[in-house]
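*Asks:* Using the sequences plus the hints, can you model the full thing?
For the protein sequence lines, the chains are A and B, in the order given.
Going by the numbering used here, the first residue of the first sequence is number 1, and it counts up by one from there.
Going by the numbering used here, the first residue of the second sequence is number 1, and it counts up by one from there.
Calculated directly from the structure, the hints in this document are not laboratory data.
There could be a bad hint or two in this list.
To be verified - Simulated pairs of lysine-lysine, BS3-like, Cα-Cα distance not exceeding 30 Å: (1) A/36 <-> A/51; (2) B/78 <-> B/97; (3) A/36 <-> B/24; (4) A/57 <-> A/36; (5) A/57 <-> A/70; (6) A/36 <-> A/59; (7) A/59 <-> B/78; (8) B/24 <-> B/78; (9) A/56 <-> A/70; (10) A/70 <-> A/59; (11) A/51 <-> A/70; (12) B/68 <-> A/36; (13) B/97 <-> A/70; (14) B/78 <-> B/68; (15) A/56 <-> A/36; (16) B/97 <-> A/57; (17) A/36 <-> B/97; (18) B/97 <-> A/56; (19) B/97 <-> B/68; (20) A/51 <-> B/78; (21) A/70 <-> A/36; (22) B/68 <-> B/24; (23) A/51 <-> B/97; (24) B/97 <-> B/24.
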Amino acid sequence: GQQVMQIPQYQHVQEGEDFTTYCNSSTTLSNIQWYKQRPGGHPVFLIQLVKSGEVKKQKRLTFQFGEAKKNSSLHITATQTTDVGTYFCGDTGNQFYFGTGTSLTVIP
Amino acid sequence: DAGVIQSPRHEVTEMGQEVTLRCKPISGHNSLFWYRQTMMRGLELLIYFNNNVPIDDSGMPEDRFSAKMPNASFSTLKIQPSEPRDSAVYFCASSLKQNTEAFFGQGTRLTVV
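*Replies:* Given below as structure tokens:
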């Protein structure tokens, strides 16, 4: 199946620092969705990006879709301990393939 | 709505046994997905149904795995015979239609010993 890569795989930050995860595909993505999975939990939808170059914000979270629709990023400003979890991007084309995920640890 | 409901939440079985995982999608949702999650391989799409019809099963690991959706409110994922390497968390998710938000169940943690 299609492969969507995310970097980094793991990230440890001090509380208050910023965090960014990147989602990259070798092929053009239809739309992209971002999900968060808390430890021991299930993925929960955060947002969907549709348009080339689109930027959306949710409080401290900023989501961006690349101009070529081959990459996306999620940036968290001033991380909090509640941001801990794994962040997945997903291509929602005909199927629903997820990226490899970035596991975020926030050190108080 | 109670959301996507999966059962059982935990399953421990011996190698060689048949395992059946169950999923009830959100009422009115037309798309249903089965995923397997492991530390090594992340979140893998196993199979995808649209309007109860399997659209893509290319992610199903091998013939030991089979999935059915006999009606809009129920799906099963069966592993026969099970092997220790099948140990993982299996998620079911549903969405209203293509390109819309997917809602995940709580998952079934399968351990094959």
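*Asks:* Could you run down the list of hints and mark each one as holding or not?
*Replies:* Against the structure, the hints come out as follows:
no., hint, verdict
1, A/36 <-> A/51, "holds (21 Å)"
2, B/78 <-> B/97, "holds (25 Å)"
3, A/36 <-> B/24, "holds (22 Å)"
4, A/57 <-> A/36, "holds (15 Å)"
5, A/57 <-> A/70, "holds (20 Å)"
6, A/36 <-> A/59, "holds (15 Å)"
7, A/59 <-> B/78, "violated (42 Å)"
8, B/24 <-> B/78, "holds (15 Å)"
9, A/56 <-> A/70, "holds (17 Å)"
10, A/70 <-> A/59, "holds (25 Å)"
11, A/51 <-> A/70, "holds (12 Å)"
12, B/68 <-> A/36, "holds (28 Å)"
13, B/97 <-> A/70, "holds (23 Å)"
14, B/78 <-> B/68, "holds (8 Å)"
15, A/56 <-> A/36, "holds (16 Å)"
16, B/97 <-> A/57, "holds (24 Å)"
17, A/36 <-> B/97, "holds (21 Å)"
18, B/97 <-> A/56, "holds (22 Å)"
19, B/97 <-> B/68, "holds (19 Å)"
20, A/51 <-> B/78, "violated (38 Å)"
21, A/70 <-> A/36, "holds (21 Å)"
22, B/68 <-> B/24, "holds (12 Å)"
23, A/51 <-> B/97, "holds (19 Å)"
24, B/97 <-> B/24, "holds (16 Å)"
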